[in-house]
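Undergrad: This is what each chain is made of:
Protein chains: 2
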Amino acid sequence: MTEQTRFILNETDLPKYWYNLNADNPIPPAPILNPQTMEPVTPDFLSVLFPMELIMQEITTDRYIEIPEAVRDVYKLWRPTPLLRARRLELALDTPAHIYYKHEGVSPPGSHKPNTAVAQAYYNKISGTEAMTTETGAGQWGSALSFGCNIFEIPLEVYMVKVSYTQKPYRRIMIETYGADVYASPSDRTNFGRSILAQDPDTPGSLGIAISEAVEVAATSEGKKKYSLGSVLNHVLMHQTVVGEEALKQMDLAGEYPDVVIGCVGGGSNYAGLAYPFMRYKFTEGKNTRFVAVEPTACPTLTRGTYTFDYGDTAKMAPIVKMHTLGHSFIPAPIHAGGLRLHGMAPSLSALVDGGYMEAVAVHQLTTFEAAVQFARAEGIIPAPETAHAIRVAIDEALDAKEKGEERIILFNMSGHGHFDMTAYLHYYSGNLEDYEYPQAAIEAAMADLPQVSL
Amino acid sequence: MTEQTRFILNETDLPKYWYNLNADNPIPPAPILNPQTMEPVTPDFLSVLFPMELIMQEITTDRYIEIPEAVRDVYKLWRPTPLLRARRLELALDTPAHIYYKHEGVSPPGSHKPNTAVAQAYYNKISGTEAMTTETGAGQWGSALSFGCNIFEIPLEVYMVKVSYTQKPYRRIMIETYGADVYASPSDRTNFGRSILAQDPDTPGSLGIAISEAVEVAATSEGKKKYSLGSVLNHVLMHQTVVGEEALKQMDLAGEYPDVVIGCVGGGSNYAGLAYPFMRYKFTEGKNTRFVAVEPTACPTLTRGTYTFDYGDTAKMAPIVKMHTLGHSFIPAPIHAGGLRLHGMAPSLSALVDGGYMEAVAVHQLTTFEAAVQFARAEGIIPAPETAHAIRVAIDEALDAKEKGEERIILFNMSGHGHFDMTAYLHYYSGNLEDYEYPQAAIEAAMADLPQVSL
Numbered sequence: 001m002t003e004q005t006r007f008i009l010n011e012t013d014l015p016k017y018w019y020n021l022n023a024d025n026p027i028p029p030a031p032i033l034n035p036q037t038m039e040p041v042t043p044d045f046l047s048v049l050f051p052m053e054l055i056m057q058e059i060t061t062d063r064y065i066e067i068p069e070a071v072r073d074v075y076k077l078w079r080p081t082p083l084l085r086a087r088r089l090e091l092a093l094d095t096p097a098h099i100y101y102k103h104e105g106v107s108p109p110g111s112h113k114p115n116t117a118v119a120q121a122y123y124n125k126i127s128g129t130e131a132m133t134t135e136t137g138a139g140q141w142g143s144a145l146s147f148g149c150n151i152f153e154i155p156l157e158v159y160m161v162k163v164s165y166t167q168k169p170y171r172r173i174m175i176e177t178y179g180a181d182v183y184a185s186p187s188d189r190t191n192f193g194r195s196i197l198a199q200d201p202d203t204p205g206s207l208g209i210a211i212s213e214a215v216e217v218a219a220t221s222e223g224k225k226k227y228s229l230g231s232v233l234n235h236v237l238m239h240q241t242v243v244g245e246e247a248l249k250q251m252d253l254a255g256e257y258p259d260v261v262i263g264c265v266g267g268g269s270n271y272a273g274l275a276y277p278f279m280r281y282k283f284t285e286g287k288n289t290r291f292v293a294v295e296p297t298a299c300p301t302l303t304r305g306t307y308t309f310d311y312g313d314t315a316k317m318a319p320i321v322k323m324h325t326l327g328h329s330f331i332p333a334p335i336h337a338g339g340l341r342l343h344g345m346a347p348s349l350s351a352l353v354d355g356g357y358m359e360a361v362a363v364h365q366l367t368t369f370e371a372a373v374q375f376a377r378a379e380g381i382i383p384a385p386e387t388a389h390a391i392r393v394a395i396d397e398a399l400d401a402k403e404k405g406e407e408r409i410i411l412f413n414m415s416g417h418g419h420f421d422m423t424a425y426l427h428y429y430s431g432n433l434e435d436y437e438y439p440q441a442a443i444e445a446a447m448a449d450l451p452q453v454s455l
Numbered sequence: 001m002t003e004q005t006r007f008i009l010n011e012t013d014l015p016k017y018w019y020n021l022n023a024d025n026p027i028p029p030a031p032i033l034n035p036q037t038m039e040p041v042t043p044d045f046l047s048v049l050f051p052m053e054l055i056m057q058e059i060t061t062d063r064y065i066e067i068p069e070a071v072r073d074v075y076k077l078w079r080p081t082p083l084l085r086a087r088r089l090e091l092a093l094d095t096p097a098h099i100y101y102k103h104e105g106v107s108p109p110g111s112h113k114p115n116t117a118v119a120q121a122y123y124n125k126i127s128g129t130e131a132m133t134t135e136t137g138a139g140q141w142g143s144a145l146s147f148g149c150n151i152f153e154i155p156l157e158v159y160m161v162k163v164s165y166t167q168k169p170y171r172r173i174m175i176e177t178y179g180a181d182v183y184a185s186p187s188d189r190t191n192f193g194r195s196i197l198a199q200d201p202d203t204p205g206s207l208g209i210a211i212s213e214a215v216e217v218a219a220t221s222e223g224k225k226k227y228s229l230g231s232v233l234n235h236v237l238m239h240q241t242v243v244g245e246e247a248l249k250q251m252d253l254a255g256e257y258p259d260v261v262i263g264c265v266g267g268g269s270n271y272a273g274l275a276y277p278f279m280r281y282k283f284t285e286g287k288n289t290r291f292v293a294v295e296p297t298a299c300p301t302l303t304r305g306t307y308t309f310d311y312g313d314t315a316k317m318a319p320i321v322k323m324h325t326l327g328h329s330f331i332p333a334p335i336h337a338g339g340l341r342l343h344g345m346a347p348s349l350s351a352l353v354d355g356g357y358m359e360a361v362a363v364h365q366l367t368t369f370e371a372a373v374q375f376a377r378a379e380g381i382i383p384a385p386e387t388a389h390a391i392r393v394a395i396d397e398a399l400d401a402k403e404k405g406e407e408r409i410i411l412f413n414m415s416g417h418g419h420f421d422m423t424a425y426l427h428y429y430s431g432n433l434e435d436y437e438y439p440q441a442a443i444e445a446a447m448a449d450l451p452q453v454s455l
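Chains W and Z are the protein sequences, given in the same order.
The working numbering applies: residue 1 is where the first sequence begins, and numbers increase by one.
The working numbering applies: residue 1 is where the second sequence begins, and numbers increase by one.
Excised from the complex, chain W in its bound form (with noise of 0.2 Å):
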């Protein structure tokens, strides 16, 4: 074991400009429509939620984006991040095949989720926004976006999905320490939460009912207060790709190029953050690589959901764009990887998934935190139950090279670390976790409440 085992960047490689996939993707993307109205979107409609920096980022085709000076400036608190080859779980798993991993878990706040959290927070503070609100299942995104507010001295408030509220509290408290305030959502401060309150006070809400909470929360605020999303959209998307973009010069520095690029999903931001920059080249030089989204069998929305245009939130008031969805009132099954319970998914990666350009692939629980395991024992980094996800297909890719015996340069993006998740291992060792399918029956139930859009 003496070849290199990370690959550093200098903070002079941190990369100027984001990449937009929508410039190269051969698949034009889908109108966003109006809930209301079910037509397109306008750039009005969208500016009662967002700043319109952000929503021109949304719809432009440009390639490239200049990352802001002030933004690369808080990147470099913790970017560029390492990339590093698993040398020993290579060992481990006596695989011929090289695996690499880009490890964002050294982000303050854990995760890849600051990457866009900095950038809305600083386009919204030069917008003039004089609050923001969002929402959080589990707190990683609620923890980067109030990361992002202090920087910019904006006041968030976060609406948590009540039963990690409850239940989780070191997330809520590391959002508490950055400064923002967090209430339990469903919550008594919105008409939707009320009414939801009304029809069953212990429910222990869900991350649909949370989002609607705080997007009614800006779009009552009379234009003082925007709302802000943690995945999905093309602009959040957008801001991870330095990511990929890194992981790309560093993969040089390490004199390979990757066979398959993997990652979990939720909204699809880390894996698209990491995946476009090489899927870039897949368009613009017919490279060859496989790409392999991850996602939890108890979430199955790219597997076994329908290509279709729906709401975002479950109050119906969050725009209506085309994806992969298992339907707006979606109640997940209480896996750990919380990050990943979401009913849609990224309209641009839906369309890739669709269009054969990248494939999808669901796993057990119980599989993802063997895999985590026996990562955390490999290479020492205690990984998110989310990013176990992509760790397991990895793991996988590696024994299929061993069984074919083939040299395959595999990446995965390291998401982020367990740290605010070790109850989920203590359930794991103490045998208390299971394995959840999706009910059919709950599939087809909610195609019958999508949208009558009639484009």
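Just so you know, the hints here were simulated from the structure itself, not pulled from any lab data.
Don't take every hint at face value.
[To be verified] Under the rule of at most 27 Å between Cα atoms (straight-line distance), these lysine-lysine pairs were calculated in the DSS-like manner:
1. W:Lys16 to W:Lys249
2. W:Lys76 to Z:Lys249
3. W:Lys76 to Z:Lys76
4. W:Lys402 to Z:Lys76
5. W:Lys249 to Z:Lys76
6. W:Lys402 to W:Lys287
7. W:Lys168 to Z:Lys168
8. Z:Lys402 to W:Lys76
[To be verified] Calculated Cβ distances over 10 Å to all of chain W for the following chain Z residues:
9. Ala23
10. Val41
11. Thr166
12. Arg290
13. Pro319
14. Gly356
15. Tyr357
16. Glu403
17. Pro439
[As the list claims (entries may be wrong)] Just the calculated beta-carbon pair ranges, DEER-fashion:
18. Z:Glu370 to W:Tyr17: 38 to 44 Å
19. W:Leu253 to Z:Arg189: 47 to 53 Å
20. Z:Leu399 to W:Asp252: 41 to 47 Å
21. W:Asp435 to Z:Glu370: 44 to 50 Å
22. Z:Asp94 to W:Ser329: 47 to 53 Å
23. Z:Thr61 to W:Thr289: 53 to 59 Å
24. W:Glu285 to Z:Gly405: 53 to 59 Å
25. W:Glu11 to Z:Thr284: 28 to 34 Å
26. W:Ser430 to Z:Gln452: 46 to 52 Å
27. Z:Gln440 to W:Glu11: 46 to 52 Å
28. W:Ser430 to Z:Glu39: 47 to 53 Å
29. Z:Pro40 to W:Glu256: 55 to 61 Å
30. W:Glu11 to Z:Thr60: 35 to 41 Å
31. Z:Asn10 to W:Glu256: 16 to 22 Å
The C-beta atom is built at its ideal place from N, Cα and C for all residues, glycine as well.
Given the structure of chain W, go ahead and fit chain Z onto it with the hints provided.
TA: Showing chain Z alone in chain W's frame:
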């Protein structure tokens, strides 16, 4: 804010040697004494607990000890660690001082501890040790040694102070993830543990008791099991000097040299690791650097303890060393900085304080959390409560420099992150934290039970 923030070294810059302060320290080290005979120990006596290579490192006066390639290879999983200039903190404080911090929180277990854990596991492995034992308080050391023992495939028993085992399960789960066995101490696995339980079945335990149990298991294993200590001893501090050796190169990259080097001290290892390579130039080149060791007022070993010979553990089985001590039967107040609650201090560091080469200062708990939150909001990283002690004094130095209009260069060790300490932050926000002043009567009482040493 366009100047450089992070100073990064490549894998090829990873130090090849540890630095041994005993080669340059004008104060000769006091002998280590056998707790039964009160006479200087022989290597044979120590060999019941430690492998011979570590015993030789404990007593050598060689200036540099080569780091084995197998150890460097594991270090490469996270080293060299970044050095950062805290530009945002400087701005927040409006100080002309330059504040630098060495970020040891990026290691897989989250602190500087694996620097010695990996080395100790390696030397035990090549010496044929069949299993290892150790103690841990809140779990930083236990998780680091389980990480190291897992890499070199040595079974490990960790005796974890019972109150932490019960109330802070997350580090325990991390230890188990790396494959070690964890027992609440006092346990029924040792004579000493059983004797304590017979007196008080509900005892919360203490670090002194846990050390005694781990030492007893090794000492009664007929040479099969060895014991490992995470701080205090010379070889442990020496393994930590990779921190300071890297920081020297990184300060060079920054084009500055520290006027003051700061660290928190429990047993002294993280601070010695950063400070001793700089102390070398105080001794060999007459550099005028100030060195400030920071401890809690609740455990004021250096500022109010006695510099004398004392036992390393409660059961009086561990060797006797000359150090600043609050007495081996010390029972700490329940401050959250668990790693700083030791009755003793590294002998070499005690000698430097006694000799006037190093300053010592004690700070209260509440003011350390205030500093921690200020640091987190400026720099993003949420520090461990132990590390917050160093941050408190770094901020105080920066404010003092501001008052005096000095461009003071400040360097401190960011020894670990606080991801497993969020409950402490919650208590701080809730107003449930207290300051503790260690009672003078307890200090005087402890001095009555010192070993009768005639040196």
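Undergrad: Does each hint hold? Answer for all of them.
TA: Taking the hints in turn, this is what the structure says about them:
At roughly 13 Å between alpha-carbon atoms, lysine 16 of chain W and lysine 249 of chain W fall within 27 Å of each other, so this suggested pair holds. In summary, the hint linking lysine 76 of chain W to lysine 249 of chain Z is supported, as the alpha carbons are separated by about 20 Å, within the 27 Å threshold. With a C-alpha separation of about 22 Å, the suggested pairing of lysine 76 of chain W with lysine 76 of chain Z holds against the 27 Å cut-off. Between the alpha carbons of lysine 402 of chain W and lysine 76 of chain Z the distance comes to roughly 26 Å, so the proposed pair stays at or under 27 Å and holds.
A C-alpha spacing of about 20 Å is found between lysine 249 of chain W and lysine 76 of chain Z, which places the hinted pair at or below 27 Å, so the restraint holds. The hinted pair formed by lysine 402 of chain W and lysine 287 of chain W meets the criterion: a straight-line CA distance of about 23 Å does not exceed 27 Å. Pair hint lysine 168 of chain W plus lysine 168 of chain Z holds up; C-alpha atoms about 14 Å apart against a cutoff of 27 Å. Distance hint between lysine 402 of chain Z and lysine 76 of chain W is fulfilled; the C-alpha atoms sit about 26 Å from each other, no more than 27 Å.
No beta-carbon of chain W comes within 10 Å of the beta-carbon of alanine 23 of chain Z; the shortest separation is about 29 Å. The claim that valine 41 of chain Z is not at the interface with chain W holds, since no C-beta of that chain comes within 10 Å of its own (minimum 35 Å). Distance to chain W confirms threonine 166 of chain Z as a non-interface residue, since its nearest Cβ pair spans about 14 Å, more than 10 Å. Its beta-carbon lying about 28 Å from the closest one in chain W, arginine 290 of chain Z satisfies the requirement of being farther than 10 Å from that chain.
Once the 10 Å rule is applied to beta carbons, proline 319 of chain Z is consistent with being away from chain W; the minimum gap is 32 Å. Distance check for glycine 356 of chain Z against chain W: the nearest CB is about 38 Å away, which clears 10 Å, and the non-interface claim stands. Once the 10 Å rule is applied to beta carbons, tyrosine 357 of chain Z is consistent with being away from chain W; the minimum gap is 34 Å. For glutamate 403 of chain Z, the non-interface assignment is confirmed: its Cβ lies about 26 Å from the closest Cβ of chain W, beyond the 10 Å cut-off.
The beta carbon of proline 439 of chain Z sits about 32 Å from the closest Cβ of chain W, which is more than 10 Å, so the claim that it is off the interface holds. A beta carbon spacing of about 40 Å between glutamate 370 of chain Z and tyrosine 17 of chain W agrees with the range 38 to 44 Å that was offered as a hint. Remark: the range hint 47 to 53 Å for leucine 253 of chain W to arginine 189 of chain Z is upheld by a beta-carbon distance near 49 Å. A hinted range of 41 to 47 Å for the beta carbons of leucine 399 of chain Z and aspartate 252 of chain W is consistent with their spacing of about 45 Å.
The beta-carbon spacing between aspartate 435 of chain W and glutamate 370 of chain Z, approximately 46 Å, falls within the hinted interval of 44 to 50 Å. Range check, aspartate 94 of chain Z to serine 329 of chain W: about 52 Å between beta-carbon atoms, so the 47 to 53 Å window is met. A hinted range of 53 to 59 Å for the beta carbons of threonine 61 of chain Z and threonine 289 of chain W is consistent with their spacing of about 56 Å. The supplied range of 53 to 59 Å is met by glutamate 285 of chain W and glycine 405 of chain Z, whose beta-carbon atoms lie about 58 Å from each other.
Separated by about 32 Å at the C-beta atoms, glutamate 11 of chain W and threonine 284 of chain Z satisfy the suggested range of 28 to 34 Å. Taken as a hint, the range 46 to 52 Å holds for the pair serine 430 of chain W and glutamine 452 of chain Z, whose Cβ atoms sit roughly 50 Å apart. Separation of glutamine 440 of chain Z from glutamate 11 of chain W is about 51 Å and conforms to the stated range, judged on CB atoms against 46 to 52 Å. For serine 430 of chain W and glutamate 39 of chain Z, the Cβ-Cβ distance of about 50 Å falls inside the hinted range of 47 to 53 Å, so the restraint holds.
Taking 55 to 61 Å as the suggested C-beta distance range, the pair proline 40 of chain Z and glutamate 256 of chain W conforms, at roughly 56 Å. Between glutamate 11 of chain W and threonine 60 of chain Z the beta carbons are some 39 Å apart, a value that agrees with the proposed interval 35 to 41 Å. A beta carbon spacing of about 18 Å between asparagine 10 of chain Z and glutamate 256 of chain W agrees with the range 16 to 22 Å that was offered as a hint.
Violated hints are absent here; each numbered hint is respected by the structure.
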